[in-house]
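Chains as they are written, first to last, in my numbering: chain R, 1 to 253; chain C, 254 to 465; chain L, 466 to 687.
Among these hints, one or two may not hold up.
[As the list claims (entries may be wrong)] FRET-style restraints, in silico, Cβ to Cβ: (1) L:Val523 / R:Trp119: 22 to 28 Å; (2) R:Gly120 / L:Phe494: 35 to 41 Å; (3) R:Trp125 / L:Leu527: 53 to 59 Å; (4) C:Lys419 / L:Phe494: 31 to 37 Å; (5) R:Pro236 / C:Pro288: 26 to 32 Å.
Please keep in mind that the hints were generated in silico from the structure rather than gathered at the bench.
Here the structure is a predicted model, which means the values were calculated and not measured.
Backbone N, C-alpha and C define an ideal beta-carbon position, used for all residues, glycine too.
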Amino acid sequence: MWKWLHPYAKAEKSYILSGKLMPWFLALALPTFIVGMVWGLAFAPADYQQGDSFRIIYIHVPAAMMAMGAYSTMAIAAFIGLVWQIRLAEMTVAATAPIGAVYTFIALFTGAAWGKPMWGAWWVWDARLTSELILLFVYLGIIALYNAFSDKVLAGRAASILTLVGVINLPIIHFSVVWWNTLHQGATITKFDKPSMATEMLIPLLIMIVSFAAFLGFMVLYRFRNEILQRESHRPWVIALVKSSSSNDSQGA
Amino acid sequence: MLQCKNLTCVREERILFNNLSFTLSAGEILHVEGPNGVGKTSLFRLLVGLSSPYAGEINWQQQSIMSDRESYYKTMLYIGHKSGIKPELTALENLQFYHDLYNPKVEFDAWEVLMLVGLVGYENVPTAQLSAGQQRRVALARMWFSDCKLWILDEPFTAIDKKGVKVIEDLLIQHAKKGGMVVLTTHQDLSIPTEFYKKLILHKPTTGEQYV
Amino acid sequence: MFNAFIQVVRKELLGAFRQQSDILNPIWFFVIVVTLFPLGIGTDPALLARIAPGIIWVAALLAALLSFERLFKDDYIDGSLEQLMLAPHPLTWLVSAKIFAHWLLTGLPILLVSPLLAVFLSLEVNTFWALFLTLLIGTPILSLLGAIGVALTIGLRKGGVLLSLIMLPLSIPILIFSTMAIDAATYGQSYLGLLALLAAMLVAAVTLAPFAIAASLRVSVS
């Protein structure tokens, strides 16, 4: 019932709320990024096996984690959107997908770059890299599906269904790839199999993870707001908003 | 009783119609009229539950049609723009399928139905080889063996000749007399007795309220 | 309800037998793709036997992809699909019937021509049986997964490429497990565990996919 109560006000309210939250995420993301980067690149000790090349972990691991984090966000939003038919949740799915894809791409790229000094090749069919590649395919499929629909309400719903299908499939994909990898590669040491990381190395990594997560939150909110504006561009409150912001600009100029 | 309350239909961010309410009781034929692009077909797709309204509700016998689709579909017959007839199957096979899957309880003599719609002699020809009007007749033939109370017909008379229209009109009147209900669109004038006949005219929204 | 299932399957089969090229073309495609490989990489029987599982499974995937065109598309165009969605039976059930019929028309023929390909690619008997069993369990999963993709893209004008973008990544586990099972058979190891995994995936797909397909159709046909 309550989905019909006031769809107009709801979009507007979440627009305002996400606008209020957005700066806080950025305020968390930027300082942690600087601290984590400087600490990780300059002060953390070098790895006794890999030397300085291991430092790419400070980008690779957080990016890989957030690639999954973005997908989890999408899956939860898709579930809420489909079960309770909330359009804003479906918009969240659409808003998050490209960000997740970019994080996945960063993880893939850094992983490949890391592979060069480790294995002497840009690309090795390592289980994690392969899973990330497939995750990227899944992301691109969702984005392509969303963009193919001209009616964005239907687009959001279709993308949500595909996200949920993916959520059941991704663990199976990961599991199968890991198994396939152990069979075909056997003895390769995976670079992540450290029994324990030294604390001096671990703390900057944790800081970077917090930073990437906060930035993910910021970007999701940012794109979510754009999505709302685009979908509701004909509504009175958006028109009023545009008018007031343009008059502010002219006053400032 | 079919009841629509404050229906709003939105397609690609544009409002087709807003706050549409009407009620259809037993023995009534509702003729939905309006210019092209006003949302007649969209309204019909809402009524049969193929799409869901942006706002408002549709009730059949005091129950939302979405709450129990299967029992709604037991009492509802929809013949849309697209005929739903498989071109590679014969008229006989098509009708047999629709009978067995949709109205298996009705006693059914396919030959008699084909005779009534004027398709005797074509029963074993794949429907792809029939003319547009004949294909339409195959689709409409479903009305003759339907025990559904509510018929929803989107442009049933397209490509049908005058004599055929008369036959179908008679069938609709008969259906209404038995307490059935019909919702249909057509650009033709109908000669249906006024005690059964109701009209609903759809308007384009004024420019100020075109968008959601 | 069971009656409805049979009615839908019967109608599908009847329609297919009237338009036989629709069924035969994907099978042809399958055979031709497999024939291309020996032409491309040489005829060394040991090499062929080594890569045969991968070739056959990738070809099966592509052939399945081609055949999906006819799963809902014609029905969507002529209006049978919307009528199916308005039938007084659960949509998940009717959709399952359609997919079952589709598998009979596309998956089963692939199984039937697989002995021929085993001869082409110099497979041993043991390996062939593994191939046959993985195809038997794997192709229905492909049909179910593909049907989700078709149901999502059916209303789109250029859905064909999109369908493959959506569906191929999701079918990777089937490819991996099947080829692993065939490899295991080649080396004389037991592959029952892998078959069981595939079977578990089939059970999961049979129970879950119809809901995803029905939901997708409700989005696409609206």
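To see whether the hints hold, each was checked on the structure:
1. L:Val523 / R:Trp119: 22 to 28 Å: holds, 26 Å
2. R:Gly120 / L:Phe494: 35 to 41 Å: holds, 40 Å
3. R:Trp125 / L:Leu527: 53 to 59 Å: Violated, since R:Trp125 and L:Leu527 (Cβ atoms, about 21 Å apart) do not stay within the stated range.
4. C:Lys419 / L:Phe494: 31 to 37 Å: With Cβ atoms ~52 Å apart, the hint is violated.
5. R:Pro236 / C:Pro288: 26 to 32 Å: Between R:Pro236 and C:Pro288, where Cβ atoms are some 27 Å apart, the hint holds.
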